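Asker: One letter stands for each residue in the lines below.
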Amino acid sequence: MPRCFRSAVLTALSVLLLAPVDGAAQIRASELGTLTQMIDGTKISVTYSRPRTRGRKVLFGTSAAHWGEVWTPGANFATVLELNKEVTLNGIPVPKGKYSVWMVLREQGDWTTILDPNWRIYHMNPPDSNAGQVRVRTPVTEAPFVDVLTWSMPELSANGGTLAMQWGTTRATLKVTVQPTLESTLPEADARPYVGRYEYRELKPAPGTSGLSAFIVFYDNRTLKARWEPNDAYMQTFALIRVGPDIFTPGIYDKTGVIYEVLRPDMMFTFRRETGKPVTFSVRGLDDELEGTGTRKP
Amino acid sequence: MNRRSFLAVAGFVSADAVFARRRPVGSTGAHPTPRKGITGAKVLMGAKLAKWPDLLKLFDGIRTIPETADGIRCSCGCAELPGYYSLLSCFEGDDAMAMICPICQGAGKLTVRLHGEGRSLAEIRIAVDAQFG
Chain P
18 MPRCFRSAVL
28 TALSVLLLAP
38 VDGAAQIRAS
48 ELGTLTQMID
58 GTKISVTYSR
68 PRTRGRKVLF
78 GTSAAHWGEV
88 WTPGANFATV
98 LELNKEVTLN
108 GIPVPKGKYS
118 VWMVLREQGD
128 WTTILDPNWR
138 IYHMNPPDSN
148 AGQVRVRTPV
158 TEAPFVDVLT
168 WSMPELSANG
178 GTLAMQWGTT
188 RATLKVTVQP
198 TLESTLPEAD
208 ARPYVGRYEY
218 RELKPAPGTS
228 GLSAFIVFYD
238 NRTLKARWEP
248 NDAYMQTFAL
258 IRVGPDIFTP
268 GIYDKTGVIY
278 EVLRPDMMFT
288 FRRETGKPVT
298 FSVRGLDDEL
308 EGTGTRKP
Chain A
5 MNRRSFLAVA
15 GFVSADAVFA
25 RRRPVGSTGA
35 HPTPRKGITG
45 AKVLMGAKLA
55 KWPDLLKLFD
65 GIRTIPETAD
75 GIRCSCGCAE
85 LPGYYSLLSC
95 FEGDDAMAMI
105 CPICQGAGKL
115 TVRLHGEGRS
125 LAEIRIAVDA
135 QFG
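From first to last, the protein sequence lines stand for chains P and A. Under this note's numbering, read the first sequence as residues 18 to 315, first letter to last. Under this note's numbering, read the second sequence as residues 5 to 137, first letter to last.
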């Protein structure tokens with residue numbers, strides 16, 4: 018092989034080997050991340066670039082962010098929050114839509130989260146105040162250190178959760194409440210006919226048990242509620258949520274009294290009436306198998 | 005008294021169910037009108053269900069009530085699939101979704117039972133919506 022040709026081939030190979038890879042495959046200082054959470058039909062998405070602390074002590078890893086100023090909790094283009102339905106954040110209504118997310122950073126006290134309808138904004142250009150913005154007071158607490166700026170939903174219930182942004186040991190939290198597809202309250206006049214004491218019979222009782230228990234239905238705090246006696250360790254006192262005429266599904270409460278889990282379609286109570294009054298009920302599962310029956314006692 | 009074992013099974017199934025229900029989004033809508041002359045001829049039967057013997061009774065039940073099953077919307081998301089028309093569709097063809105989908109199966113069992121109890125299509129639709137809507 019002539020020397021000049023070999024040299025040309027080697028040069029070409031060098032160029033190929035040293036050429037930068039495709040732009041999309043580049044390692045970025047703040048990689049793009051997303052959080053998507055469904056809650057009872059409401060879709061909450063956060064799209065954001067994720068700076069790492071990399072030992073930096075300064076706010077959001079940049080000397081451009083200062084206490085008392087507005088900054089996007091992310092990097093590059095502003096963090097984007099997208100909602101397919103209206104929600105409340107810390108009690109403030111937020112219409113469905115797409116927003117850029119900004120925070121007023123305060124060294125002491127709560128921060129303020131600002132949602133701006135103009136969602137495509139570079140982080141160095143925070144928006145001026147305008148009528149379309151939603152402002153939410155946002156508590157900040159200390160949390161175990163994370164190296165990468167993280168949006169998460171560490172708590173979920175049947176109709177909401179906690180949306181958290183964490184940088185280093187600083188965590189800002191937004192309580193999210195969605196529009197429930199099921200109404201857990203019931204007018205008293207509708208609820209009263211079901212109230213009473215029933216004898217409950219499990220069809221497949223656990224070995225060594227009779228499968229008989231009492232089932233108490235009562236009205237409390239605008240809600241039809243029930244419990245077994247002896248008490249059921251998981252269900253405790255639960256809401257009977259009406260989902261059809263004489264058809265109910267349990268709503269399980271957490272320790273704070275918020276409905277944590279709705280058991281539809283896994284557990285359905287269907288009452289049967291005689292002369293207009295509910296006198297018996299059946300409990301069926303997702304597979305429509307009969308789990309137990311209840312009969313009203315005087 | 006402990007319903008944990010029942011709920012544990014239900015919860016296990018539910019995870020699948022929720023996944024299925026949310027895929028794809030937007031499966032809610034009005035119940036379909038039963039097609040004139042519809043039959044259960046395409047409902048899977050016999051040897052095709054060899055891997056799922058527990059489902060034979062359900063598929064047989066749906067096959068006998070095509071006019072009713074064809075008037076029910078399935079909530080699992082299969083309504084978005086090509087060729088889908090009604091709950092009856094979930095039980096048709098070699099890849100019938102009801103072979104593996106707990107929502108199709110649950111709605112099917114509910115429909116068969118209520119039809120057997122003499123309930124009207126309107127009443128069955130209300131019960132299906134209450135549980136799966």
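Everything labelled a hint here was simulated from the structure, so no lab data went into it. Remember, it's a predicted structure, so these values are computed and weren't measured experimentally. Some clues are possibly wrong.
In silico EDC-like pairs for lysine to aspartate or glutamate, Cα to Cα no more than 20 Å straight-line [claimed, not checked]:
#1 A:Lys-61 x P:Glu-306
#2 A:Lys-55 x A:Asp-98
#3 P:Lys-115 x P:Glu-103
#4 P:Lys-60 x P:Glu-159
#5 A:Lys-61 x P:Glu-99
#6 A:Lys-61 x A:Glu-121
#7 P:Lys-60 x P:Glu-99
#8 A:Lys-55 x P:Glu-246
#9 P:Lys-221 x P:Glu-200
A short, non-exhaustive set of chain P residues, derived as facing chain A with CB atoms under 8 Å [said to hold, decoys possible]:
#10 Asp-271
#11 Pro-282
#12 Met-285
Non-contacting residues of chain A with respect to chain P, defined by C-beta distances greater than 10 Å in every case (computed) [said to hold, decoys possible]:
#13 Trp-56
#14 Tyr-89
#15 Asp-98
#16 Gly-110
#17 Leu-114
#18 Arg-117
Just so you know, even glycine gets a beta-carbon here, dropped at the ideal spot from N, CA and C.
Asker: Each hint should be assessed against the structure and marked as holding or not.
Answerer: We went through each hint and held it up to the structure:
{"no.": "1", "hint": "A:Lys-61 x P:Glu-306", "result": "holds (14 Å)"}
{"no.": "2", "hint": "A:Lys-55 x A:Asp-98", "result": "holds (12 Å)"}
{"no.": "3", "hint": "P:Lys-115 x P:Glu-103", "result": "holds (11 Å)"}
{"no.": "4", "hint": "P:Lys-60 x P:Glu-159", "result": "violated (28 Å)"}
{"no.": "5", "hint": "A:Lys-61 x P:Glu-99", "result": "violated (46 Å)"}
{"no.": "6", "hint": "A:Lys-61 x A:Glu-121", "result": "holds (17 Å)"}
{"no.": "7", "hint": "P:Lys-60 x P:Glu-99", "result": "holds (8 Å)"}
{"no.": "8", "hint": "A:Lys-55 x P:Glu-246", "result": "violated (42 Å)"}
{"no.": "9", "hint": "P:Lys-221 x P:Glu-200", "result": "violated (31 Å)"}
{"no.": "10", "hint": "Asp-271", "result": "violated (16 Å)"}
{"no.": "11", "hint": "Pro-282", "result": "holds (5 Å)"}
{"no.": "12", "hint": "Met-285", "result": "holds (5 Å)"}
{"no.": "13", "hint": "Trp-56", "result": "holds (13 Å)"}
{"no.": "14", "hint": "Tyr-89", "result": "holds (22 Å)"}
{"no.": "15", "hint": "Asp-98", "result": "holds (23 Å)"}
{"no.": "16", "hint": "Gly-110", "result": "violated (5 Å)"}
{"no.": "17", "hint": "Leu-114", "result": "violated (5 Å)"}
{"no.": "18", "hint": "Arg-117", "result": "violated (6 Å)"}
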